[in-house]
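Dock the two chains into a complex; use the hints.
Those sequence lines, one after another, are chains A and B.
First residue of the first sequence: 273, per my numbering; consecutive thereafter.
First residue of the second sequence: 235, per my numbering; consecutive thereafter.
Calculated from the structure, these hints are not laboratory results.
Check the hints yourself; a few may be wrong.
DEER-style ranges, computed between Cβ atoms [to be verified]:
(1) Val-255/B with Gly-395/A: 53 to 63 Å
(2) Arg-355/B with Gly-395/A: 17 to 27 Å
(3) Thr-442/A with Leu-349/B: 53 to 63 Å
(4) Asp-300/A with Ala-417/B: 18 to 28 Å
Which chain B residues stay away from chain A? Per the calculated CB distances, all over 12 Å, these [to be verified]:
(5) Ile-242
(6) Leu-305
(7) Pro-311
(8) Phe-451
(9) Lys-464
(10) Ala-467
(11) His-474
(12) Gly-485
Glycine is no exception: its CB is placed at the ideal position from the N, C-alpha and C atoms.
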Amino acid sequence: MSQQSASEVPASAPDLAEEFLDRTTPLDRVRGVLHRHPAISPGIVLVLAVIVFGGLNDRFLEPSNLSLVTQQVAVVGTLALAQTLIILTAGIDLSVGAVMVLASMVIAQTTVNNGLPPLAGLGLGLAVGLAAGAANGFLVTRLKLPPFIVTLGSLNVFLALTLLYSGGATVRGRDMPSQLTLTGETFALGGVNISLGVVMMSVLYVAVALILHGTAWGRHVYAVGDDPEAARLAGIRVSRVLTSVYLASGAILAVAAWIQIGRSNAASPNIGVDLNLDSITAVVIGGTSLFGGRGAVWGTLLGALIVGVFRNGLSLAGLDVLWQTFAVGVLIIAAVSVDQWIRKARK
Amino acid sequence: MNTDKTPILEARGLVKTFGRVVGLDGVDLELYPGEVLAVIGDNGAGKSTLIKCLTGAEIPDEGEIWLDDRLTRFKGPQDARAHGIETVYQNLALSPALDIAANLFLGREERKPGLLGSLLRVVDTKGMRRRARAELSALGITTLQDVTVPVENLSGGQRQAVAVARAAAFGSKVVVLDEPTAALGVRESNQVLELIRNLRDRGVPVILISHNMPHVFEVADRIHIQRLGKRAATITPETHSMTDAVAIMTGAREAGE
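Same shape as in the complex, but just chain B (with noise of 0.2 Å):
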């Protein structure tokens, strides 16, 4: 394996209980620069809560989180976002009434130059549609034309689309996206993962957690397997199936078989 990089992101025996519950029960994970690691896992193998643990949502009660070579502990979804990890949730997290633009910027807006930024706090509309107009064209993103219609009036797979540019946009050190494809048709579900593959090649590496063998096997780089609330392997689509994917998922057979 990539022992010869660092991972940007790792984390070191997760454990995570609820009451008497393990959701996490010493989970190891790496992440390398430039890369798509997939996360598979039956319900109940403790996906979900490794990607909270990892984004802030939940706190592991054991374990560390290295983040550039620096332990770090998350307070909070934001101070995650803070340290550059981007999560584009399930439900998409947007604003449906504000434009495509002002659901880039929700949260971050900027302020117009002079006193009238400053003092008056006037936000920079025309900038921040600008900016919008290119940091969607250059993530590949042709489907999203005009900036300035409301994110209720898109399509499914364009919704997606915001959220991935949003997450990708602001100098992230890594994109965690959730699902992204379970609500999509298959036009629209290769749309997203183009745009998986074009946020590996600007160098963001991307956790993509998914149901979907297919979309799985189709953009990552690395898969790490999750099984009863620990890695059961972590496996590359050279070197495996699909067919063993699934077997080592549900425990027909051990990874090194």
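Just chain A, with the same shape it has in the complex (with noise of 0.2 Å):
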């Protein structure tokens, strides 16, 4: 075994001369270490957001922005999170949003019209969470559908199932148990405010960070939106892995359901039926690529973050709205761009 190890090694040495070869331009180890490290790219566009913004105004560092800005991402961040499960797997999940209000609305009208307890009506509202990803997953699984399709179908059930639920009509906080407005409670780390809502995307971050890089179902998530065709060859029941991933991003909307309602203090079917494309964005500028298989939950939580910090950082420039829009829309496209470049790395 050993001589044939040794007359291997002369047939294999030009191969490594080749590969330190194409590698020698300082440009091209550049890209090369941040296609192995996605949340790079993120992390260094968020500290010079930061920089740029803390110089152009004194109050963007102040602790009570901070605190506002981490407060604004809680809700997207935890939408962003579910979002990037599904987009890890090559889909797209247009209805977290629609999906998110739906629970809210459940859980806010079991307990305040119904008179259920608080656990219970959030039971209810994980059961919602769940039977949506369901629903989702088996069009995508077993009906072989699109997730585009499936999401924009589910989106317009999910919206209208809300309002017909609903009758339309807001639900205050003030009505509510305590327990419901729980998530929009704050405390001082020092002197930011924290709410629990940011603290309770931050748990579901590491723990999906955790459970995704530290777990064979993890490993599978990737292969399986990498290519479905190869996952299934090595032995991955891929339609389980897919269906695993739509329950599981439901689970986390109703959580994003729960933090909504204590951020704005209600439960309205019109707050927050837009964060889907907010969603996407933030995913999209993390770095996590919409063809699947590559990205992390750390860069959508990067992604999050910028897209607040732009926004706050935006308005306290004393920009209109609108300029803010624009400029993450510029920002989704140099985010992309960026990626493609990145991703050219080696083929």
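Written out as structure tokens, the structure reads:
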């Protein structure tokens, strides 16, 4: 055996030499590093944005403003976490906002109008999230429909259900039991007021990151998004993995609904329905590939923070809200361009 | 022929039709322990249908498959794999974004010992990397030094090596390679052929499907020639030349002549 491996060395040596040769330019090396660590580039953007906006307006870095940014990010950040799981499997979920709103209405109405205990209401909200995930997952895996079409359809179904169920009425936070608005409560951490919703979002991020990196399921999510046929031939039950991903994201959306109730101190059929696009924005800016199999939840958290910092910083700088939207649009296209460039690192 | 040994894998009278098209018309095949059996044949001769039947990707209409002296029926590729038949497909079935070690263990990840593994289902990344390194060096694959490199960064030959290593690494009884050198250059092809010899020397029998006659004649112990849905002949590189093989394959000559 040792003789054979010795005779193999000369044959393989030019291989290694070639690898070193086409890695020589510093730009390529930077690109290689960014390719292996997808969270670096959004991290740099976030740091730069904080420095620039901090320089433009002194109020930006004040603790009260920073705590506002984190609270604004909590809902979108949680939606984007669910969205990341779906996009890692090369899917997309246009219904995340609608599912969250439906779940928040169910939580609020069953406790306030039907008098259920808050825990039961939250449990029903979780059931709504899981049912929505199961429905989307079933249509994607069993009927083999593209996730874009499935969730475009279910987006409308969930919106209609929300309005039918709620009658278009908002449930005010002061009518709810305190447990439901708990997620809006804040505590001071080094001068910055952190809401429990932000804490819950952070805990979810840590948990999902650990699961994706530490378990076979996490690897299978990436493999299925990367190349479903290869995953199937490697013995992974692709439909099962996809269904579990839609279920997990449905559960996360139920938590987002709770965070949303605390954040806006109300459950309204009109708040947050348009957040599905914001969640996709955060995922894309965070460096997760829309083609699946590549990306990390940390990138998404950074992406959500970047969007929050841009909106907040630009409004502090006195720019019209339309220019914030303009800037976010530019940000998306820039992020995807950089991503394409990084991806060309090694083919 | 090797009548003194019993085959590890044997097909008897396999028939497979697709509508009115006859893919296999009563094919026999024997694979003996420790040999490289090449399967050659013109396009449409039933080569790939035969292999698909042996690896569970197709279910034959008639005929029997015997593995280890036991009559078996594969319900699908997973079933064949569970029985110890590992297949390296032409498209390799690797996950480009995952690293070499993750690809080797894809679909059969090992968990950490203790509560971390059993309760929290944490995978043993370090242990799998260690085992991946050991398996690769046991197979004599020296072109893959770093098992943490994503597969997309590898050359075609290196990817083939990963795919073959995955097929060979888990105590498989039979390894089936579908056109492993088709997309490779000369040097990389030689590395794969060397790998096939290493596999055989470790006692793992190999079925090699290939169009490349020089490669077939270089590594095969016996050559199964498929023609018009039937086995035209089984020859050896010692008794027949490449010209003979092509003649039998195209029907220009009968095997016995």
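Status of the hints after comparison with the structure:
1. Val-255/B with Gly-395/A: 53 to 63 Å: For Gly-395/A against Val-255/B, whose Cβ atoms are near 57 Å apart, the range 53 to 63 Å holds.
2. Arg-355/B with Gly-395/A: 17 to 27 Å: Given about 25 Å between the Cβ atoms, the range holds.
3. Thr-442/A with Leu-349/B: 53 to 63 Å: Given a distance of about 47 Å, which is not inside 53 to 63 Å, the answer is violated.
4. Asp-300/A with Ala-417/B: 18 to 28 Å: For Asp-300/A and Ala-417/B the Cβ distance comes to about 25 Å; the hint holds.
5. Ile-242: holds, 22 Å
6. Leu-305: With a cut-off of 12 Å, Leu-305/B remains clear of chain A, as the shortest Cβ separation is near 24 Å.
7. Pro-311: violated, 7 Å
8. Phe-451: holds, 21 Å
9. Lys-464: holds, 29 Å
10. Ala-467: holds, 32 Å
11. His-474: holds, 28 Å
12. Gly-485: holds, 34 Å
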